[in-house]
Structures are given as C-alpha cells and as structure tokens.
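There are 2 protein chains.
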Amino acid sequence: MKMEKEKFVAGIDIGGTNTVCGLVSHSGVIAGRSDFKTSSLPRFSDFTDRMAAEIKKMASDAGVSLSGAGIGAPNANYYTGDINNAANLVWKGVLHLKSDMEQALGVPVTVTNDANAAAVGEMIFGSARGLKHFIMLTLGTGVGSGIVADGKVIYGHTGLAGELGHLTMIRDGRTCGCGRKGCLESYASATGIVRTAEEMLKEKERKSSLRELKEEELSARMIAMHAEKGDKLSLEVFDFTAQMLAWAITNAVLFTSPEAIVLAGGLSKAGELITVPLKKYIDEMVMHAFRGSFKIITTSLPESDAAILGAAALAIKKGVEA
Amino acid sequence: MKMEKEKFVAGIDIGGTNTVCGLVSHSGVIAGRSDFKTSSLPRFSDFTDRMAAEIKKMASDAGVSLSGAGIGAPNANYYTGDINNAANLVWKGVLHLKSDMEQALGVPVTVTNDANAAAVGEMIFGSARGLKHFIMLTLGTGVGSGIVADGKVIYGHTGLAGELGHLTMIRDGRTCGCGRKGCLESYASATGIVRTAEEMLKEKERKSSLRELKEEELSARMIAMHAEKGDKLSLEVFDFTAQMLAWAITNAVLFTSPEAIVLAGGLSKAGELITVPLKKYIDEMVMHAFRGSFKIITTSLPESDAAILGAAALAIKKGVEA
Numbered sequence: 001m002k003m004e005k006e007k008f009v010a011g012i013d014i015g016g017t018n019t020v021c022g023l024v025s026h027s028g029v030i031a032g033r034s035d036f037k038t039s040s041l042p043r044f045s046d047f048t049d050r051m052a053a054e055i056k057k058m059a060s061d062a063g064v065s066l067s068g069a070g071i072g073a074p075n076a077n078y079y080t081g082d083i084n085n086a087a088n089l090v091w092k093g094v095l096h097l098k099s100d101m102e103q104a105l106g107v108p109v110t111v112t113n114d115a116n117a118a119a120v121g122e123m124i125f126g127s128a129r130g131l132k133h134f135i136m137l138t139l140g141t142g143v144g145s146g147i148v149a150d151g152k153v154i155y156g157h158t159g160l161a162g163e164l165g166h167l168t169m170i171r172d173g174r175t176c177g178c179g180r181k182g183c184l185e186s187y188a189s190a191t192g193i194v195r196t197a198e199e200m201l202k203e204k205e206r207k208s209s210l211r212e213l214k215e216e217e218l219s220a221r222m223i224a225m226h227a228e229k230g231d232k233l234s235l236e237v238f239d240f241t242a243q244m245l246a247w248a249i250t251n252a253v254l255f256t257s258p259e260a261i262v263l264a265g266g267l268s269k270a271g272e273l274i275t276v277p278l279k280k281y282i283d284e285m286v287m288h289a290f291r292g293s294f295k296i297i298t299t300s301l302p303e304s305d306a307a308i309l310g311a312a313a314l315a316i317k318k319g320v321e322a
Numbered sequence: 323m324k325m326e327k328e329k330f331v332a333g334i335d336i337g338g339t340n341t342v343c344g345l346v347s348h349s350g351v352i353a354g355r356s357d358f359k360t361s362s363l364p365r366f367s368d369f370t371d372r373m374a375a376e377i378k379k380m381a382s383d384a385g386v387s388l389s390g391a392g393i394g395a396p397n398a399n400y401y402t403g404d405i406n407n408a409a410n411l412v413w414k415g416v417l418h419l420k421s422d423m424e425q426a427l428g429v430p431v432t433v434t435n436d437a438n439a440a441a442v443g444e445m446i447f448g449s450a451r452g453l454k455h456f457i458m459l460t461l462g463t464g465v466g467s468g469i470v471a472d473g474k475v476i477y478g479h480t481g482l483a484g485e486l487g488h489l490t491m492i493r494d495g496r497t498c499g500c501g502r503k504g505c506l507e508s509y510a511s512a513t514g515i516v517r518t519a520e521e522m523l524k525e526k527e528r529k530s531s532l533r534e535l536k537e538e539e540l541s542a543r544m545i546a547m548h549a550e551k552g553d554k555l556s557l558e559v560f561d562f563t564a565q566m567l568a569w570a571i572t573n574a575v576l577f578t579s580p581e582a583i584v585l586a587g588g589l590s591k592a593g594e595l596i597t598v599p600l601k602k603y604i605d606e607m608v609m610h611a612f613r614g615s616f617k618i619i620t621t622s623l624p625e626s627d628a629a630i631l632g633a634a635a636l637a638i639k640k641g642v643e644a
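Read top to bottom, the protein sequences are chains U and S. Everything in the first sequence is counted per my numbering, starting at 1 for the first residue and increasing by one. Everything in the second sequence is counted per my numbering, starting at 323 for the first residue and increasing by one.
Don't take each hint at face value.
Said to hold, decoys possible - No more than 16 Å apart at the CA atoms, straight line, and that leaves these computed lysine to aspartate or glutamate pairs for EDC-like:
1) U:Lys269 to U:Glu216
2) S:Lys474 to S:Glu581
3) S:Lys503 to U:Asp283
4) S:Lys474 to S:Asp627
5) S:Lys474 to U:Asp150
6) U:Lys152 to S:Glu520
7) S:Lys503 to U:Asp150
Said to hold, decoys possible - Far from chain S, by Cβ distances over 12 Å, these chain U residues were calculated:
8) Gly32
9) Phe134
10) His157
11) Leu164
12) Gly165
13) Pro302
If you're looking for bench data, these hints aren't it; they were derived computationally from the structure. Idealized CB from N, CA, C, for every residue including glycine.
Produce the complete structure using the sequences and hints provided.
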C-alpha cells in the first residue's frame, strides 16, 4: 500500500512594499517562506520569474510537488487573472498575473485581492472555519473586505466585489485616496484613526497626553497606548472609530445577513479598545430583525502567517471546488 | 409518443391589504387569478384554507395539476418558511406559512419576502433574464430589495438578507417605521418623496404649484405630475430623491458588483424624472473601478402581474434547482 503524500500549494502575497512567498500544506503547515522587495524588479516578467524561482526552490528543498498556487494582490481580478492599474505597484497597465505565473509554475494559479484572500484564509484555516456566511474586514492602512455567502466569496459581475472600504459614509466627508469623499477607509483604518486624533487635537482647549508626542510620532498604535493609559481624547478617538465601523457593519448586515463579521489587520489588535464600543454601537444601530443574529470575531491567524495562508487557501479551495 | 403537458405552479402574493393568487405556467402565462382582502379572515388557518381553495379551484377549472407554489409575503423567511411578527398583517406571532400551505395543497411550497420574489420574477420572466448578478429595488410605499449573486438570491444566515430599504444613510436623519433613523426607505419611497416635498414646502418663500393642493392630495404621483409640468420645487424633490438613491446604489455596487440594478414599484414609473438625475448622480458618486460596470434598468413586467409572476417564479426556480 502506498501512502498518499500530503499535498502542497504555494501562497503568495504581493504587497506594495514586500512580496511574500510560502509553501503551504493542505493542513495549513507553512513548510517554507521567503520574501523580497516588490519594487526591486522593475520589469514585471522578472518579477514573476523571481516568484516562480522562489516557489520552485522551496518545493525542491522540501522534496514535494505543487498542486496549485494562490496569489493575493492589489486590484487582482479573480475572473481575468489580471492586475489592472494598481496604484501601489510599480508596474502600470494590465498585468497578466495568473497566466504568466501558470506558465512559469506549470500548475493552476488563482488570484484575487488581498482582502478576499484573507477571507478564504479565515474560512479554511482561521476563525471562520465552519461558517457559510461572513464578512471579513481587514482594518490596516486601508480597509479591505471579503464577503462570503453560502460558503463562496462573492466576486460579482466584474470580479471586484467586496470593496466596503469605499462605502460612502458621509457625502461631504473626508477626502479618500480613491478620489471620492467620506469613504469608510478614511475613518476606520490606521490612517483614519490618526486623522480623527488630529482633528480632535485641533480643539486647543482639550487636554491630552498625545500633545506630548511629536507630530510624526502620532500613529494608531501610539493612540491605542495612550487610550490604554486612560487618555480621554485617545479613548474618544477609538469611540468615534467604533461608531463609524458599527454604522458600516449594521448596514453590511442588511446585504448578506452574515453569521459573523471577522476583523483582522492592525486595528483589530487594539482589542477591547475597539470591540467594546463597537458592540455597544452595533446594539444601538442594528435593525431589529438582525439583532443578535451575528457575532464580531477577530482573526485567529498569526499576523506573520495570515497573508501566506490566505493566498494558499485560495488555491486549496479552488482545488476542492474544481 | 406522449406530449408532455406544460407544468403549472401557483403564485401567491400576500400584501397588507390584498392577497392575490394566480395559476402560472412555466412559460409565464397566467391561466387564472383571484384576490381577496387579507384582513378578511382573522384566523390564520381560515386564511391558508382560503388560499388553497382558490388555487385548487383555478387548477381544476383549467384542468391542470400543480407542481408547486411560491408565496411572497412580508417578513417571510426562506429557510424556516415562517412569517415572524409582520407589522402589516393582522395575525401576530409566528405563522407556519410554508408547512400549512404544503399540507393544504399537497405540493412543495417556497416562501420569501415580496422583494426577493420580485427579484426571482425578473430573473425568470422579466428584465433580468440572463443576468447572474443584479440587485432588485422595489420603490413603493417602502423600499424592498433582493440581491442576486451568481444566479442565486442571497438569503444569508437568517434567511432575511437583502433589506436595503433600511440602510442607514444619515445617522440623525428622518425617523423610519422600523424605529431607527435615516433609513433609505424614509427618503427613496413614495412616502419619502412626500416627506421631501413637505420639508421643501415649509420654506414659505418658495413658490410651487404644489401649494394649490390640499394637504391630503400631496402624493408621489401628484408631485411627479407637477414636476412634469415644470414645477421647480417638484423637480427638486425628484432630484433629491435621485441623489439619495444614487448614494445607496453606488454603495450597494461595492458589495456584490452587479451588472444591473433593476428598479420596480411606483417610483420607477416616474421614468426619466427619476432615471435622468439618478444616472447623473451615480456617475458622480461611483467608485472609479465600478464606473460603467452596471446599468440601471426598470422592470419589464406589467404591475398587475409582477407579484404573481414573482411568487410563481420562486416555485419554478426552486423546482429547477431541486
């Protein structure tokens, strides 16, 4: 009798700064990883060659063969497999990420944006295991989202569905990097938190220990530290952030009626600073019929592994469905 | 060789005022219909008996047998088949609509709320034929919605997904029948339009031909008539309504990236009064990545048939999927 070898896939996360490649077993063990600066290879074909070389070396070192690869990347389109004009990447125009990598690796490649990959990662390996309906919110420098209904990511007609970071919350609100105004991302992200603190600090008469910091030291993490020490203004910054997030979540629930909202990203690590006011405001704002129908949970994946596992999960899920 | 007879289903729409029953072929021909006052039967079991009797008589008159029935009803839950505390119905508490009707009719019965039924109606018989991703908005006394992704209605974890009428647009906005504030429904419905006109008419110095009307004559239809005759204030009412609707639609597009928004209900009959400003504001507000990715269309089903066809389509679709 021949023992069937455990299957391995590649999980790749292409970020504006770093690209991380990993070799991942179907049970979620990361058997190898490497990373390099995304902008270090100005020709896209050199970049895809580099990713393929990293993956092949890892597979060869581990003595395993690949069954597929998943890639999370900004603006990556699940249907076309292309990246189309991603603001944070050095290569412009249309990049044939999926087809180029399939040629280089010789296995099926699945691509989507990082937040959708994170949602699949939570579904296969993380705190959304067993859930059929949930919404993933990644609260980092920006706000990303992935929507899962009936166990499947909603990609929509364009392949770009699930962009809750750009919900217009306030029509004449803060300017957003997308060129529009009042987007959720401009309030409920790490940069949004800093903007909220800056606005509150403009009220000269308000006391705050944040005033002891130099302007460039003001960060979401620093505001969280001051809030934890009891600084009222810092606590109010988190309270306001939670309100904006609760508003978006109670609206989102009306769309797909999820059983959970899964939070990840830097802001989710603020713990009770954000979750306590968030739950209070959700209770206040949610439509009666949906009260108590969903829970707020945070990712169970270590931050250092989440991106690789999410991308790998994409390939594993695709392999199972195909 | 035996000719296969065309299959028939029942389509039933339970409204706050009237209940309409129809006998519908799989090709969408309505072979019989009847209606009665919903509140005329204060015992729910008498009500379900009446519906079953109407349907059986129609089938018998037409000499056909039923393969199933679909019912659109306020608060009806697709999963449980129950109606739970519908504000507009005379019977309170939990009503076992699906199981009671299955017993009475002897065929599989599918239930959901009226807006979801309308969405399935458009998908099978109306202007959403061939579309896999669309959002149905019924703009009547209230605002209902049904969300279709990958050819399936999203029911969510609770069975109650798709309640866009209760999106909180403005946090301290108009009070809504749901007990909350600033809901889309309080702006973009027939009653919302009247409220907008009333607010604008409070500015005493503003001229408007609407001032010639008695208070009780002010209706969405009347405002549309005055707008068509060039009354500036009435035109502004539609412009404001279109803005609110465009805001909700451009947010909705970020969730499921549909290829179309299908409008139905009284307000959709205002034609260009609503669609021209609506498209203008959508162009202004939509996130760049989704620009031009979806169209705004109106229902192609006659108003008198839409509810019956929607409910019948529910049974036909269920029959095909099962």
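Results of checking the hints against the structure:
1. U:Lys269 to U:Glu216: violated, 22 Å
2. S:Lys474 to S:Glu581: With a Cα-Cα distance of about 14 Å, the restraint between S:Lys474 and S:Glu581 holds, given a limit of 16 Å.
3. S:Lys503 to U:Asp283: At roughly 14 Å apart (the allowed maximum being 16 Å), U:Asp283 and S:Lys503 satisfy the hint.
4. S:Lys474 to S:Asp627: The given pair, whose Cα atoms are some 22 Å apart, is violated under the 16 Å limit.
5. S:Lys474 to U:Asp150: holds, 10 Å
6. U:Lys152 to S:Glu520: violated, 45 Å
7. S:Lys503 to U:Asp150: violated, 30 Å
8. Gly32: holds, 34 Å
9. Phe134: violated, 8 Å
10. His157: Violated, because the least Cβ-Cβ distance between U:His157 and chain S comes to about 4 Å, which does not exceed 12 Å.
11. Leu164: violated, 6 Å
12. Gly165: violated, 8 Å
13. Pro302: holds, 27 Å
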